[in-house]
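Enquirer: Whole structure, please, built from the sequences with the hints as guidance.
Order-wise, the sequence lines are chains A and B.
Taking the working numbering, the leading residue of the first sequence gets 1, the next gets one more, and so forth.
Taking the working numbering, the leading residue of the second sequence gets 1001, the next gets one more, and so forth.
Hints are computed from structural coordinates only; laboratory data are not their basis.
All C-beta atoms, glycine included, are put in the ideal place defined by N, C-alpha and C.
Among these hints, one or two may not hold up.
Pairwise CB distance ranges (calculated) [as the list claims (entries may be wrong)]:
hint, chain 1, residue 1, chain 2, residue 2, range
1, A, Ala227, B, Pro1056, 17 to 23 angstroms
2, A, Lys220, B, Lys1068, 32 to 38 angstroms
3, A, Glu380, B, Pro1056, 55 to 61 angstroms
4, A, Glu285, B, Pro1056, 30 to 36 angstroms
5, B, Met1001, A, Glu285, 51 to 57 angstroms
6, B, Leu1094, A, Glu300, 52 to 58 angstroms
7, B, Met1001, A, Ser286, 54 to 60 angstroms
8, A, Asn352, B, Leu1094, 31 to 37 angstroms
9, A, Lys220, B, Pro1056, 26 to 32 angstroms
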Amino acid sequence: MNQPRGGLRNISPEGQKMKTSDFDKKSFSGLRKKAEEKLRLEKREQAKGSTPDIEHELNVYEMELKMQNEELLQAQSKLKSSLKEYEELFEYSPTGYFLLDKHGVVEKVNARGTTLLGVERSQIVGKPFSTFLNGEEHQDNFYRHRISVGESQELHHLETEIRRKDNTVLYVLLKNAVVKDEDLKFKHLLTITIDISDIREHEKQIELALRHSRELSDMKSRFITMASHEFRTPLATVLSSTSLLEQYTLAKTDDKIDKHINRIRTSVKDLTAILDEFLSLETLESGKVQISRSTFSLPEFCNRIIDEIKPQLKSGQRVNYRHVGDKEITEDKKIVQHIIVNLLSNACKYSNEEIVFLTEITWDKLIIRISDHGIGIPLEEQKNLFSRFFRARNVATIQGTGLGLNIVKRYVELINGTIKFTSRVNEGTTFVVEIPRINAG
Amino acid sequence: MKTILVIEDNLEIRENVAELLELKGYNVVVANNGRVGLEAAIKHRPDLIVCDILMPELNGHDVLITLKNRGETSTIPFIFLTASVEKKEIKQGLDLGAAAYIRKPFEDDELMQEVDRCLNNDN
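Expert: Here it is as C-alpha cells:
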C-alpha cells in the first residue's frame, strides 16, 4: 500500500499526462477515491478525538439542563398546585383554624374561623385570640391553657365559649398544638376551633331527658310507697271490720254490725277518693278537662263547701269564713270547688285549730285565702310542695297521697290563676289563690 | 286473762284489732301513738304488744328498742303491724327482736295465729 502512495507523490503533472491512457485514467480515478475515502475515514477517526467529545458533552449537558429545567418547572407547577390545594384545604376547611404567635395574637385565620367569630378577617388578624372569648373566666382559662400547651408541646383540648359580634355565644372545642420551624423552635400555635354548640344542645336535651326519666323513676318509687301505705290502711280496716261483722252477725249485735258497715263504707270511700285523685291527675295531664263557666254567688257556694267539709273537722276545730267585695263571679264551679275543698281539707288534716278562710272579689280577680295554725312545711321542702307524690317529712302518719296540691296547682293554672303559700314549721300555712275575673276589664 | 297492748295511730284499725282480740277473750289496752304506748307498756306490763311502725311522736322501732333496754319490759313479745312492704323495714324490725311481723291488710286468722304463737312461746 505504501508503494503506490509514494509513487503517486513523485509523479509530476507532465508525467501524469504522458502516461495517461484510458486504463491509466481509470486507475488514477480509483486511488483518489480511496484516498478521499481514507481521508474521510481519518477525519472520522479524528472526529473521535478531544474537540468533538467536549462538544458532545456540552450537547449532552445542554440536553440534561433542558430536561432538568423541565422537571423543575413541572415540580414547581406541582408545588404551586399542591400549595394551592393546601391553602384551599386550610381556607375552606369546615373547621376553624387560627395560627397564633407566641403572645396568642392571631396571625392567620381561615374562612370558617371568621364565620365562627362572626367578624371580618381584617378584624381578627393582629388581635389576641382571647378577645373573642366569652368573658374573663374563659379568657383566663385560655391563657392558662395556651401556656401549658407551649410547655408540654402536645395537642391539648379546651372547651370554651366564643362571644360572636352579634353577641350570640358559641360553645367550641379548641385543639391547640405548637407548630415548630426547621430549627425546632416555636413557629406558631395552631388553634383548631370546632363548633360544639349542637353537641352541647343535644347533651342538654339528653341531660334533660335523663333528669326527667330519673324524676319519673323517683315518682314511681314514691307512688308505690304511697299506694302501698295509703291503700293498705283502709283495706286493713275493711278486712278487720268484715271479720268482726261475721262474728257479730253470729252474735246478732246490731250496733256493732252498723258500726262496722259504716267503717267499711268509709274505708271504701277513702280508697275511691285516692283513685279519684289519680283520675283527676290523669285527666288534667292528658288535657281532657273542659272548662265550663257559670255565674254564681261565691259566699253561698263557699258556705255549702264548708258544710261538706265539717265531718272532716277535728273536735275544737272550726272554719272562720269571711267574704269581701262583689258576690257574683263567673267561673268553672267544679274547678273552684276542687281548689277550695282540697285546701280546706289540708288545713283540717295538718292543724288542730281554727282555719281562717277568706274570699274576695275585686274588679279584676278572685282571691281565695286559707290559713291554718298547723304543723307547717319545712323551708327546705317548700320547693317540692307542688310535685306529684311529694309529702314533707313532718307529715308523719297523717294520711295523704301527695297528689292533692299538685292537682290544685294544675286546676288553678287551667283557669289562668296563681297559687302561692307562706309557711313556718309549727306555726302554720297560708295559701293564696288568685284567679283573674273572666268578665273584668 | 292475758293482756295485750295495741299501739296504733289509726283509730279504725286500733279499735278493730282491739275488738278482734277482745272477742278471743283477751284483755286489751290501747294507745294511739308510740309515746303513749311506751307509757302503757311500762304501766300495764302486758303479755304481748301489737304495734304499728309509722306513728307520730315515737315510731314502733323506737318503742321496741326502749322496751328491750328496760329490764322489766325486755321480754314482752312484740308483733309489728304495718302497712309498709319494704323488706329493709321488715328485717330491721325482726333484727330489733320483734317476734313477728304482720302486714296490713291482715286476716283475722293470721293475727290470731301469731298472737297465740307468741303467747305460747312466752309460756
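Enquirer: If a hint holds in the structure, say so; if it does not, say that too.
Expert: Cross-check of the supplied hints:
no.: 1; hint: A:Ala227 <-> B:Pro1056: 17 to 23 angstroms; in the structure: 22 angstroms, holds
no.: 2; hint: A:Lys220 <-> B:Lys1068: 32 to 38 angstroms; in the structure: 36 angstroms, holds
no.: 3; hint: A:Glu380 <-> B:Pro1056: 55 to 61 angstroms; in the structure: 21 angstroms, violated
no.: 4; hint: A:Glu285 <-> B:Pro1056: 30 to 36 angstroms; in the structure: 33 angstroms, holds
no.: 5; hint: B:Met1001 <-> A:Glu285: 51 to 57 angstroms; in the structure: 56 angstroms, holds
no.: 6; hint: B:Leu1094 <-> A:Glu300: 52 to 58 angstroms; in the structure: 57 angstroms, holds
no.: 7; hint: B:Met1001 <-> A:Ser286: 54 to 60 angstroms; in the structure: 58 angstroms, holds
no.: 8; hint: A:Asn352 <-> B:Leu1094: 31 to 37 angstroms; in the structure: 36 angstroms, holds
no.: 9; hint: A:Lys220 <-> B:Pro1056: 26 to 32 angstroms; in the structure: 27 angstroms, holds
Against the hints set out earlier in the document, a violation occurs for number 3 only.
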